[in-house]
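Please build the complete structure, drawing on both the sequences and the hints.
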Amino acid sequence: MIVPASTGPATPGPGPGSAATVSFPSGGKPRVFLVDDHGMFRAGVKSELAGAVDIVGEAADVAPAIAQITESLPEVVLLDVHLPGGGGQDVVVAVKTQHPEIKFLALSASDAPEDVIAVIRAGARGYVTKTISGAELISAISRVAAGDAVFSPRLAGFVLDAFASGATAGVDRPSFDPELDQLTGREREVLRLIARGYTYREVAKELFISVKTVESHVSSVLRKLQLSTRHQLTRWAAERRLT
Amino acid sequence: MMFGGVAAGLAKRTGFSVGLVRVIFIIATVLTTGYLAMAYVLAWLLIPAEGADSNIGTKALADKRGIGLAAGLASVLVAALIIASALNAPWVTSLAVPIIVCAAGLVLIWRNAPEEELEYLRGVADPAGMTETAPRARRVLRVIAAAVLLVIGLTLLLEGHDRFALLKPLAGVILLVGGIALAFGPWWLRIAMEASAERRARIRAEERADMASRVHDSVLQTLALIQRRAGDQHQVIQLARAQERELRAWLFDGRPPGSMEGQAATVADGVRLIQQEVEAQHGLAVDAVTVGDCELDDDLSALLAAAREATVNAAKWSGADVVSLFAEVEPDAVSLFVRDRGRGFDPAAVPADRKGLAESIRARMARRGGSATVRSSPGQGTEVSLVMPRSGADRLPRRP
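In order, the protein sequence lines correspond to chains R and P.
Using our numbering, the final residue of the first sequence is 244, and nothing's skipped along the way.
Using our numbering, the final residue of the second sequence is 401, and nothing's skipped along the way.
Calculated from the structure, these hints are not laboratory results.
There may be inaccurate statements among the hints.
[As the list claims (entries may be wrong)] Cut-off 30 Å, straight-line C-alpha distance, at most; resulting in silico cross-link-like pairs (BS3-like, lysine-lysine):
(1) R:K206 to P:K317
(2) R:K213 to R:K131
(3) R:K213 to R:K97
(4) R:K47 to R:K30
(5) P:K317 to R:K131
(6) P:K13 to P:K60
[Stated by the list, open to error] What follows is a list of derived Cβ distance ranges for each label pair:
(7) P:L274 to R:Q99: 27 to 33 Å
(8) R:L228 to P:A213: 38 to 44 Å
(9) P:A243 to R:E190: 36 to 42 Å
(10) P:L274 to R:T71: 28 to 34 Å
(11) R:S211 to P:G380: 19 to 25 Å
(12) P:L274 to R:S211: 45 to 51 Å
(13) R:T71 to P:P348: 52 to 58 Å
(14) P:V237 to R:S211: 25 to 31 Å
(15) P:R344 to R:A136: 19 to 25 Å
(16) P:Q239 to R:A44: 47 to 53 Å
(17) R:S211 to P:M212: 46 to 52 Å
[Claimed, not checked] Computed far set for chain R versus chain P, every beta-carbon distance over 10 Å:
(18) G45
(19) A53
(20) G87
(21) A95
(22) A119
(23) A136
(24) I139
(25) G148
(26) P154
(27) A157
(28) R187
(29) R193
(30) A196
(31) R202
Glycine included, each C-beta is placed from N, C-alpha and C at the ideal position.
Shown next, in the form of structure tokens:
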């Protein structure tokens, strides 16, 4: 079971280190689209990101978000998990069918694991909590724009939980690719350290590997999370919804 | 529980009533000339009690002095029984093996059994309690009585088998055994009492350590907080009141301070409680992530109490504004990590009298079979890792 932190603070997440190495087609600044139903929150994020990113648009609900995103074609969409007209995953699914190159970063105050997992499985590249600091959010956006995954401690916890509950059951319906159904020992180690509050850089130091390797492990976990047809993962999420 | 609870265990296994099993036991003991009693004592030694971790025998193996005592007692009995058999009572020798094994086994049980089983043994021994505390006159009287019984017993035995062919030797043996018991009884009792006094002292020392860590968690922590917030009258009153409530609950209702029991039922609940408590009291954020969950038992409550202590320490001393708390429940252990990015310290340079880390966290974990490691260096923050093996729940059921 996951215990969400009710007043969780900024997720340490990825260190600011590699942001500089990322180059963007729009001249250094990633083009970002904001989807959140709270005007106040959008205003806050915009002022925090001002200068570091290029805000190309914003929307408060699912339908207008899909329409405007397909029009403005941003690099990264900052997406609230909960929207009045449906879940954030609806936006991801609709946009991805036409523009698979657009990256999504889920941003949420919500702690319900099934919602977070649903958005990730729909195709988001990461998850951070709304309490994240401006600098860390900028770094997370850069990372997602560069194609990496961004795991907050909480997401790491969710994923460990989702994959662990399957390991003990042992009666999973076999998937077409069994490798997708479980995490490797190294991936588990990386996730554990992230859940303990380590930044990617600290994880790398602890495990004597490079930051790039940490990133590739996290991306691999993300891929498994998205592609696994694991019956168990679905059931795990379903159980969450019921309780 | 009558004795060691072997009959009760057997009854539970077979489905017969305890009373029936006991009656069968007694009859069978007589029929097997005592060998079943020997089996009973051995079972008591070797089969762990329900809910206990290990049997008494394993503990007894480590008890060198107890083994010595048992061997000594056994040898005295061997001598006594050889004398008896020499005096033409061959059936006594048939009892020899069970009696010797029983006596030696009981000594080991006495020294190593859990407290409640000792309570029972003490009850059995008490009526004969004419030990060193008895007045001198009574001691003299006892020695004389023993001597008289021995002499009469021996006379009866040596006199031969003419008139009451069967009754006389029987009476003789009974008197002889009574004499031996009277002569050696107080010595046995003293040995046993010394052993139990030793145990009581050990238990008292453990209780004192437990109490010290609890007082540290509650009262000393609050006093430290009050000193730090001396300027804020309202806060100080609030702290003092909360502490008073907690202390009263401990002293009069037996609810231990700093323990999570009663409030939290599971590990995840406990972690959430720590998060809320520390955020409320210290005004910093606690980022808590829990993977898996299970019911709390005494060991895991101790783990949570240690985690709470580590989190409070981080809140008070690290200067960081976020503490990460990560708990993972696995089938055979629960791990908990408390991490901050604060100022850190040099673990080697902490004076021995700083109780927080040493006593409350490490010792508390060690007492329950867990472990605690602290990683910290100045400027690098601190991480406390706590691991507690899980007892019972997921293991195979024990023998009754």
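Outcome of the hint check:
Note on K206 of chain R and K317 of chain P: the hinted pairing holds, with a Cα-Cα distance of about 28 Å set against a maximum of 30 Å. With a C-alpha separation of about 26 Å, the suggested pairing of K213 of chain R with K131 of chain R holds against the 30 Å cut-off. Distance restraint check for K213 of chain R and K97 of chain R: the Cα-Cα separation of roughly 26 Å lies within the 30 Å cut-off, and the hinted pair is therefore satisfied. A threshold of 30 Å between alpha carbons decides the hint, and for K47 of chain R with K30 of chain R the separation of about 14 Å falls inside it, so the pair holds.
Distance restraint check for K317 of chain P and K131 of chain R: the Cα-Cα separation of roughly 26 Å lies within the 30 Å cut-off, and the hinted pair is therefore satisfied. A hinted pair counts as satisfied when its Cα atoms are at most 30 Å apart, and K13 of chain P with K60 of chain P qualifies at roughly 25 Å. Remark: the range hint 27 to 33 Å for L274 of chain P to Q99 of chain R is contradicted by a beta-carbon distance near 48 Å. Under the hint 38 to 44 Å, the C-beta atoms of L228 of chain R and A213 of chain P, about 55 Å apart, miss the expected range.
One distance hint, 36 to 42 Å for the beta-carbon pair A243 of chain P and E190 of chain R, holds here, with the actual separation near 41 Å. For the hinted restraint 28 to 34 Å between L274 of chain P and T71 of chain R, the CB-CB distance of approximately 47 Å leaves it violated. Checked against the given bound of 19 to 25 Å, the beta carbons of S211 of chain R and G380 of chain P, roughly 24 Å apart, stay inside it. Take L274 of chain P and S211 of chain R: their Cβ atoms lie about 39 Å apart, and the range 45 to 51 Å is violated.
Range check, T71 of chain R to P348 of chain P: Cβ separation about 56 Å, and the 52 to 58 Å hint holds. Judged by the Cβ atoms, the range 25 to 31 Å given for V237 of chain P and S211 of chain R is violated: they are separated by roughly 52 Å. Checking the proposed 19 to 25 Å range against R344 of chain P and A136 of chain R shows it holds: the Cβ atoms sit about 21 Å from each other. At roughly 37 Å, the beta-carbon separation of Q239 of chain P and A44 of chain R lies outside the given 47 to 53 Å, and the hint is violated.
Look at S211 of chain R against M212 of chain P: about 50 Å separates their beta carbons, and that is inside 46 to 52 Å. With a least CB separation of 18 Å from chain P, G45 of chain R remains clear of the 10 Å interface cut-off, as annotated. No Cβ of chain P comes within 10 Å of the Cβ of A53 of chain R; the nearest lies about 22 Å off, and the non-interface call holds. For G87 of chain R, the requirement that its beta carbon stay farther than 10 Å from each beta carbon of chain P is met, with the minimum near 28 Å.
With a closest Cβ-Cβ approach of about 31 Å to chain P, A95 of chain R is found to remain outside the 10 Å limit, as its non-interface label requires. Every CB of chain P lies more than 10 Å from the CB of A119 of chain R, the least distance being 19 Å, so the non-interface label holds. For A136 of chain R, the requirement that its beta carbon stay farther than 10 Å from each beta carbon of chain P is met, with the minimum near 14 Å. With a minimum CB-CB distance of about 19 Å to chain P, I139 of chain R clears the 10 Å threshold, and the non-interface call stands.
For G148 of chain R, the requirement that its beta carbon stay farther than 10 Å from each beta carbon of chain P is met, with the minimum near 26 Å. Distance check on P154 of chain R: its Cβ comes as close as 5 Å (rounded) to a Cβ of chain P, failing to clear the 10 Å threshold; non-interface status is violated. A beta-carbon of chain P comes within 10 Å of the beta-carbon of A157 of chain R; the shortest separation is about 7 Å. Every C-beta of chain P lies more than 10 Å from that of R187 of chain R, the closest at about 17 Å, which supports listing it as non-interface.
In this structure R193 of chain R is not separated from chain P by more than 10 Å, as the shortest Cβ-Cβ distance comes to only about 7 Å. Once the 10 Å rule is applied to beta carbons, A196 of chain R is inconsistent with being away from chain P; the minimum gap is 5 Å. The non-interface label for R202 of chain R is consistent with chain P: the shortest C-beta to C-beta separation is roughly 12 Å, beyond 10 Å.
Violated hints, listed in ascending order, are 7, 8, 10, 12, 14, 16, 26, 27, 29 and 30; each of the other numbered hints is respected by the structure.
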